[in-house]
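Residue numbers (my numbering), protein chains in the order written: chain A, 6 to 298; chain B, 6 to 298; chain C, 6 to 298; chain D, 6 to 298; chain E, 6 to 298; chain F, 6 to 298.
Because the hints were derived from the structure by calculation, they are not lab data.
Beta carbons are placed, not taken as given, at the ideal position from N, Cα and C, and that holds for glycine.
Some hints could be false.
Stated by the list, open to error - One side of the interface only, derived from the structure: several residues of chain F facing chain C at Cβ under 7 Å: (1) T159; (2) A162; (3) R163; (4) H166; (5) D270; (6) F272.
This is what each chain is made of:
There are 6 protein chains.
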Amino acid sequence: MYYTDKKLQWNVRVDKPNPIFARMLQQAIGGVEGEIRVCMQYFFQAWGSRGPAKYRDMLLNTATEEIAHIEFLATAVAMNLEKAPVSLQEEISKDSIGGSVLNGMDMRHILSTGLSAYPGNSNGVPFDMSHIYASGNIAGDMYCNVAAEATGRTLAARLYHATDDDGMKEMLAFNIARDTMHQEQWLAVLEELGPTHLPVPNSFPQSMENKDFNYSFLITTTDGVGNQADQPWTTGDAPDTKGKFNVKVASPLGHEPNLGFGRPDTFGQKEQSEGTVSGAVNRVKDAVTTIVS
Amino acid sequence: MYYTDKKLQWNVRVDKPNPIFARMLQQAIGGVEGEIRVCMQYFFQAWGSRGPAKYRDMLLNTATEEIAHIEFLATAVAMNLEKAPVSLQEEISKDSIGGSVLNGMDMRHILSTGLSAYPGNSNGVPFDMSHIYASGNIAGDMYCNVAAEATGRTLAARLYHATDDDGMKEMLAFNIARDTMHQEQWLAVLEELGPTHLPVPNSFPQSMENKDFNYSFLITTTDGVGNQADQPWTTGDAPDTKGKFNVKVASPLGHEPNLGFGRPDTFGQKEQSEGTVSGAVNRVKDAVTTIVS
Amino acid sequence: MYYTDKKLQWNVRVDKPNPIFARMLQQAIGGVEGEIRVCMQYFFQAWGSRGPAKYRDMLLNTATEEIAHIEFLATAVAMNLEKAPVSLQEEISKDSIGGSVLNGMDMRHILSTGLSAYPGNSNGVPFDMSHIYASGNIAGDMYCNVAAEATGRTLAARLYHATDDDGMKEMLAFNIARDTMHQEQWLAVLEELGPTHLPVPNSFPQSMENKDFNYSFLITTTDGVGNQADQPWTTGDAPDTKGKFNVKVASPLGHEPNLGFGRPDTFGQKEQSEGTVSGAVNRVKDAVTTIVS
Amino acid sequence: MYYTDKKLQWNVRVDKPNPIFARMLQQAIGGVEGEIRVCMQYFFQAWGSRGPAKYRDMLLNTATEEIAHIEFLATAVAMNLEKAPVSLQEEISKDSIGGSVLNGMDMRHILSTGLSAYPGNSNGVPFDMSHIYASGNIAGDMYCNVAAEATGRTLAARLYHATDDDGMKEMLAFNIARDTMHQEQWLAVLEELGPTHLPVPNSFPQSMENKDFNYSFLITTTDGVGNQADQPWTTGDAPDTKGKFNVKVASPLGHEPNLGFGRPDTFGQKEQSEGTVSGAVNRVKDAVTTIVS
Amino acid sequence: MYYTDKKLQWNVRVDKPNPIFARMLQQAIGGVEGEIRVCMQYFFQAWGSRGPAKYRDMLLNTATEEIAHIEFLATAVAMNLEKAPVSLQEEISKDSIGGSVLNGMDMRHILSTGLSAYPGNSNGVPFDMSHIYASGNIAGDMYCNVAAEATGRTLAARLYHATDDDGMKEMLAFNIARDTMHQEQWLAVLEELGPTHLPVPNSFPQSMENKDFNYSFLITTTDGVGNQADQPWTTGDAPDTKGKFNVKVASPLGHEPNLGFGRPDTFGQKEQSEGTVSGAVNRVKDAVTTIVS
Amino acid sequence: MYYTDKKLQWNVRVDKPNPIFARMLQQAIGGVEGEIRVCMQYFFQAWGSRGPAKYRDMLLNTATEEIAHIEFLATAVAMNLEKAPVSLQEEISKDSIGGSVLNGMDMRHILSTGLSAYPGNSNGVPFDMSHIYASGNIAGDMYCNVAAEATGRTLAARLYHATDDDGMKEMLAFNIARDTMHQEQWLAVLEELGPTHLPVPNSFPQSMENKDFNYSFLITTTDGVGNQADQPWTTGDAPDTKGKFNVKVASPLGHEPNLGFGRPDTFGQKEQSEGTVSGAVNRVKDAVTTIVS
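Please build the complete structure, drawing on both the sequences and the hints.
Okay, structure coming up:
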């Protein structure tokens, strides 16, 4: 169960409300790099957690913290929308700066929410929950989490750079710090699991994978190996310490696929079916061309 | 530019076509753990790549390989749909196995594609490109890629286990091997970048982040630290070797937020606006309650 | 800020794990009538709340409760997936019941989550956050909330009826009870606001709306008023007590629209542009036909 | 069947075409508060209607009217796009007002439609039909409809306020009037059904719901009842007149969930499975911590 | 404006209700090949129509007809759901046919609609309005319409084949006939426009397109022209009669792209920025490799 | 399998980088008229191709070319973002032109990609793969492809007109030329198939479709035939040469639908169920009204 003290984790302050920055902040709420995503991702990982309970609890602690992040960011959006223009009246349109700001706003801040945040990104695209990665594999999930926090911290750094409001900079410095911690903590789990956690999932025996191709960098560029020679991913021990990298120029192990004619009961064109005159004529032409070429 | 030899990277063989397995395989094509995702992700990372060219080329090599993965999986779907039932006629419905198979099929394999693959997952949800993570930060992108390949290999292992068709098992053993390699190669880049790549992005100076909270595991569980004491993420050096973990019980740094009354020109209810009788009455009630409680 | 005691709000018990019921339960997690929706809807209404604080706090209390609902439903999904078949091996396919169950499962429970819940509905469609209604108008939002709880309770009743597992029935009886309460509490706010809350928003003066059509039921059926005469919505006082219903047969107040020719710089076909021979010929034909007919 | 007289329900007039207002109007066409939504919602409710025919006919009358609303709004969008800039040529960019307008436009009005409307919202997000609520329960559906019209009228009021074009204001005054009527008519049905329509669905016997929690407001805030005491939703008769409200401080009825170890055939990490050394070690550590704490 | 006589365009009859066929029929309602799509597509084309009025009226006539198609299909879905199983009780699960049917149903027919249709496809994916193609170009739109009706008639043929219910077959024979007509009518417009409608848009002067590549079939297969020689698309007059087809082996007209280093203010990794030691070292390595290879 | 030479198909040059044009170009990458769509559409058509191999190979050649189109457009987006403003600092805001540009940018170019392209459209809506039309019917697919290229060329013409950058104009002149060719080549296939390809699918015998309505233009406008008389789609031979067009005023072939009462186990309101007092009373009222009217 969950409880709230109704207070903000961070004391949000906005010195110069800016509706364009409100729009930018939406990315940190409802963007794929944002807080709803990490919150729900950690929750679903926790709620489906199997194995040692300490991982479930670790996830729950941080998921619960993330609700507070959405909350104070939503508050920051609303505060940046203070005094935002909400009409296109001529006086504003004639003012090039005011008009420009209005035209650049997320119109849903005016039309749909009454100057508050909503769970969409900086383009107004609603967050969709297909971005909640919870695979049931603790190592895979940890990589998903590091990825989320790494792109999240990059986003926060860009927001920090974009604003010249001191209150917003302080808030984002806090976000960035938490993103640092969260990156580190998921990596610490992977360190604890040790190199034997690779390749993920480590419960599938490598003896059953195709051993001719499991440590080979495949070259698909027509100029050959080029600058890919002697790279850490083409030579030496792989990070899992179980294999040695090598390079191969890619070549097909299979033939041209041939799905044959269509079944009449699937309603392609007659020309795609065996036994029709047009199908047969076309097929012969194909064969001839193939033989000749 | 891109070229094709029209041949399959893997020689797909299906001994016992199974339309339910065709549906399952869709997850590996159009699921978030699937091949369209990694293909497009690596391409967009390559096409936006800045800095050392060898990373762009590494990404291009593998992105181009992934097209071939989509291709042979699509072929495998079509081959598993050979002889699939396409009508609900009574004889089939009376057959408990045939009826069960038909009822469990992805109906779009019958209705929309004429027994071929399409870019959706095993529930028929179309792949959407918001899952293409390409942040412009090489380290963040590498973690996104490891995450994609770790969940991808987990998916492939589950598909391998789900089928009893030897041809499919062989194909998936190849997929699993490639997923091993791709995990390793992205990790090798991170190893090459060394621990100084953390926290991502390493171009944002840590001196500017909030230093009171950047290595603190925050406890939001009401029973306190519990099993989170003395864990690799609560004590000792952080993976970036730049900080030491500690634990703090979370507490609010801010107050209860108060966005005040609504502006009349945003068309909340009158009761939400300053100066209305109902608004004032409610506000007084609130104040009284707060004082009393 | 938010806290958790790590315990479930309801003590979930599953006597006869059933993977098909697990799929059904997903609707209550990630469906539009489900718990993620109400949780996030109440949170965003609270976080953007303006006016009397008691409404914000009311919303926060219930939003925070709803997290616990998602949590115990997710647990119930995982418990219903205990012992689920995860492979298509021939023995299972030959068993008509086992095969039917496997074929009817949400394959992502096998392939993507490792037998746990995820934030999608019973068809695997991920929840998308455009369903979070938070308009900044307390009355409108209350109706959105009643709507959510009314469809939510209907869903829960259908799930209750669908299962024959005593543990699940007990859990759903709790859900249904909470949905009762939540319906009632949002309605109680509307009662407190009184009939003057209508029409929503009550801050837009009715003197400015079109007074010829604001209490008229418009008939668009070609057989006239029919069974719509003397209905509570066609005669008598309207619920807001500010107007009296009447009935009008709908008729156009405007003309046929005519957007004219296309501008050449918008790249329609030449035939759509003024001054082209083909455009002129067509236009003349139109005019003639119109005159004649 | 359906018929059209090709005329507009409202005589659309635009005095000062404004491409930014065209973008805003899209919200009223393809937004979740817009006309496509109510049109399709009422149609699907009508087409699936069971029980008294007068409800089906009521819904059909209004659904059919709503097509005309989409139509005249689409016309208004096109008329607001008259004379819109369609190129970035330098002269325009140098003009701060003209340039600002162009930059703020929905680019798809230039690139995709040739200066006409399309079924997306003011951010260009296409309307998706998951917003069509038609539950098969007449009372639940009526609340969904009131919610749609309440947020719809709020949107129309905001649009009315945003424009300074007399023609647009007149059109929106008509929209607002119709939204008034539609709110009232759905509420009139609920009044006709009487208080026994609650809780929705009234066909699920309340004797079977959990009677300990069906009229209890649950407190999840850590400061206790606070301003929620003596509110219309915490004391007195509930709106359904079947129960009395009370307040309870929320507490868990369940334990910490424990899903146990992962099955080896679901391909979590080995560390998550029973019988592995690492799994066992971790499990012991957990147990010890739990005992100690 | 629009009107209805409340009657069905086709007299729907279902002899043997089949919930699996109900699920299949959803594709014809809410699938991309379905009736909502054509209805809304023709409406938006009509509402944005510029140029000769007869095209607008043609579109309006057929768009209005299509509402009736959605209507009778929705009725057919509801009628196929008569007597559908709505619970998982043990007796049904033990029955291999009944269980199979239940497990194969669209669970939202039970849980969300109460045995009626909804605007989603046979996998429950809601229709989204991005599929409404209305480009402002009459010729392009006609091709979109032919495409919609061609895939629509293919879908209807597959549904016809899938059912063994005489009532459903008769209804679908009507749908198929209408799809024939609609294909033909859009093609008739293209015939009327004559070959000069190509290439679409014909208002962009071909003198301004790249004349070296506007009638060339480009070969990207590594085995050269092969069976593409002497095909109707590689030799002879093009359909627009304005050019002659030829074949070219594709080769790059550009260089390897080089986006250079990342700007520090965009927060890639330091290694991606000019002037950093690591960036420089990597760049040198690249250069050396390029020179050597 | 696929290969790359790492070079661009077109030598992209940007003389005056313009972040607004970068946003516009996104439509050509991730819009429904864009390059990802045609690329993936042709690939899935090829990978599911049945019948004559030359069609598969034709599709593969062009699909493979389209990857290169996405590539050079992505490069063009990145180059247009050179020197884009990435912060809202006061100096920029005070500059009406610079500020206007910043406000009109796709913020994800700053926040999510670090000044590179991503697979979304000019409104930031991610491309979703439901737009990949691959029906298994070669004729239907060709019409889908012509439609894609016709709307694609219209988009490219509009982009050409929108920019005043010579490098961009040259690149788009190449795109437009390729769109010309691709339109022509798909039409050439349809010409090769001859008029017997109609109606699509030609494998469904027309003797089984409803012959009373397969060449009839149905009038649903209340003013009758009007300007639809003597049009190419209402009189004369249909394009398939198999039928003659005629006109009919539409009239219902069915009755008012009546789905009867709701089953109690589907949890509508009691009033919707047979046998309840309220249901009966309502039903009688309906009957009386119907008789009277």
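**Agreement of hint F/F272 with chain C interface, Cβ distance less than 7 Å** = 5 Å, holds
**Prompt:** If you take the shortest Cβ to Cβ gap from F/A162 to chain C, is it below 7 Å?
**Reply:** This interface hint holds because 5 Å falls under the 7 Å limit.
**Message:** Holds or violated: the hint that F/T159 contacts chain C, with Cβ atoms closer than 7 Å.
**Reply:** 5 Å, holds
**Message:** Can you verify the interface hint for F/D270: is its Cβ closer than 7 Å to any Cβ in chain C?
**Reply:** Given a least distance of 6 Å, the restraint on F/D270 holds.
**Prompt:** Does the nearest C-beta of chain C fall within a distance shorter than 7 Å of the C-beta of F/H166?
**Reply:** 6 Å, holds
**Request:** Go through the hint on F/R163 and say holds or violated, using the shortest Cβ distance to chain C against 7 Å.
**Result:** OK, holds: F/R163 within 7 Å of chain C, min 6 Å.
Checked against the numbered hints above, the structure violates none of them.
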